[in-house]
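Novice: Here is how the chains run, residue by residue.
Protein chains: 2
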Amino acid sequence: MTKPKTVAVVSGGMDSVTLAYMLHNEGHDLILISFDYGQRHKKELEFAKLCADRLGVPHHVVDLSGLNALVANSSLTNSDIDVPDGHYAAETMKKTVVANRNSIMMNIAAGMAVTFGARHLATGVHGGDHYIYPDCRPAFIKALDTLLTVANEGFIDTKFTVLAPYLYWTKTDIATVGDMVGVPWEETWSCYKGGDIHCGACGTCFERREAFVEAGIADPTLYNSLPEYVDPR
Amino acid sequence: MTKPKTVAVVSGGMDSVTLAYMLHNEGHDLILISFDYGQRHKKELEFAKLCADRLGVPHHVVDLSGLNALVANSSLTNSDIDVPDGHYAAETMKKTVVANRNSIMMNIAAGMAVTFGARHLATGVHGGDHYIYPDCRPAFIKALDTLLTVANEGFIDTKFTVLAPYLYWTKTDIATVGDMVGVPWEETWSCYKGGDIHCGACGTCFERREAFVEAGIADPTLYNSLPEYVDPR
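Protein chains in written order, with this note's numbering: chain A, 1 to 233; chain B, 1 to 233.
Honestly, I wouldn't trust all of these hints.
Pairs count within a copy or across copies, as identical chains cannot be separated in the list.
To be verified - Computed list of lysine to any residue pairs in SDA-like fashion (alpha-carbon distance at most 25 Å, straight line):
(1) K42 x V57
(2) K193 x F155
(3) K193 x T115
(4) K5 x S225
(5) K159 x I132
(6) K142 x C199
(7) K142 x I217
(8) K142 x E153
Source of the hints: derived by calculation from the structure; they are not laboratory data.
I would like the entire structure built from these sequences, with the hints used as guidance.
Specialist: Now the structure itself:
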């Protein structure tokens, strides 16, 4: 049997690293792709590379720094804007959205997949991403799957497939499966603030802490502080 | 009445320059966007800038040079591969396709549109592009329109609209309208080979020459040679 050849978009966070370990475990011939879009938490890219090295698969970092004009309004790339603390569900977290970001990245990754002869494109988007990010919702994944198939008709021999196995999962579900497939959690990065250790207080840190607690998994992460979660809604 | 705010993707060729002049004429508040993807015919970018200057509208060039790994297989960016001569319809012209290129560019342009507060994204794709480029076909434009709307739900107040007025037109139709709206043809660039003057022999030069002849418009272009067209099929 030929292994399915798959490009996986890996940021270096819990979700995408779990995705890479899981697909590797399932026998996929993987190529990992990360994006440098001038994010403040560029540190995550080192963790994506570490993931590729551990699995012994290729890793490409796509430089999107030319897109700075595009993303200037986002706190993830503009150091004049503070990264808001608190839970993702808060309205203020909309500040962390880069316009059309996921769609841009997925389309570039798909182009690389076509060039590399891969027919599957995998993403670790999960149910918890839906609330704020429209380009992580089921309707988006479906529209993307259609777009990529029609956009590459005649250049690929079969349908192009977007794999999003966590689309209806919680981050807790991901932590549970990640643990089963042996993800070394200390080799994943979540914090949007990009300090030496996880801040413990930003939206992604809250999500990370919550997932480990709810999955009943020991959290090996070093946090700068451990504030209690207060729902800002 | 508020002018519709529109981002137009302009390469500097006949089609996209005509699009910009036409939309400007129709009262759109335009922002022009071009892409530097390491193309051999980078010269076209100067013509896109000239178009923006003539119309007195902003012009942004997005640097996609970080995508070189992605496009390494194409003769448009790899100088080891010859640009094939002859008509676009020839099978060999597939060599000039950059995987998923149009989809990548349209998604980036859409992200910029959202950031700039524009709700329309305009492209000069036309009927003659369909044969070779799947990401210039009606099914692609429709899928893109859907994708961009779902990908930006909640961040835009209305539906996102992709304008592709030439989708069912021939290049001859475009030349006819371009002449009506006063496009200075000598300020447009078509040749894929990127020399000092148009080569006259590559696929885009053939298309250009043919469009002027069929539209009955005097062609002010300087060509290096004027070979007769022989259908290679």
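Novice: List, from low to high, the hint numbers that the structure doesn't satisfy.
Specialist: Failing hints, ascending: 4, 6 and 7.
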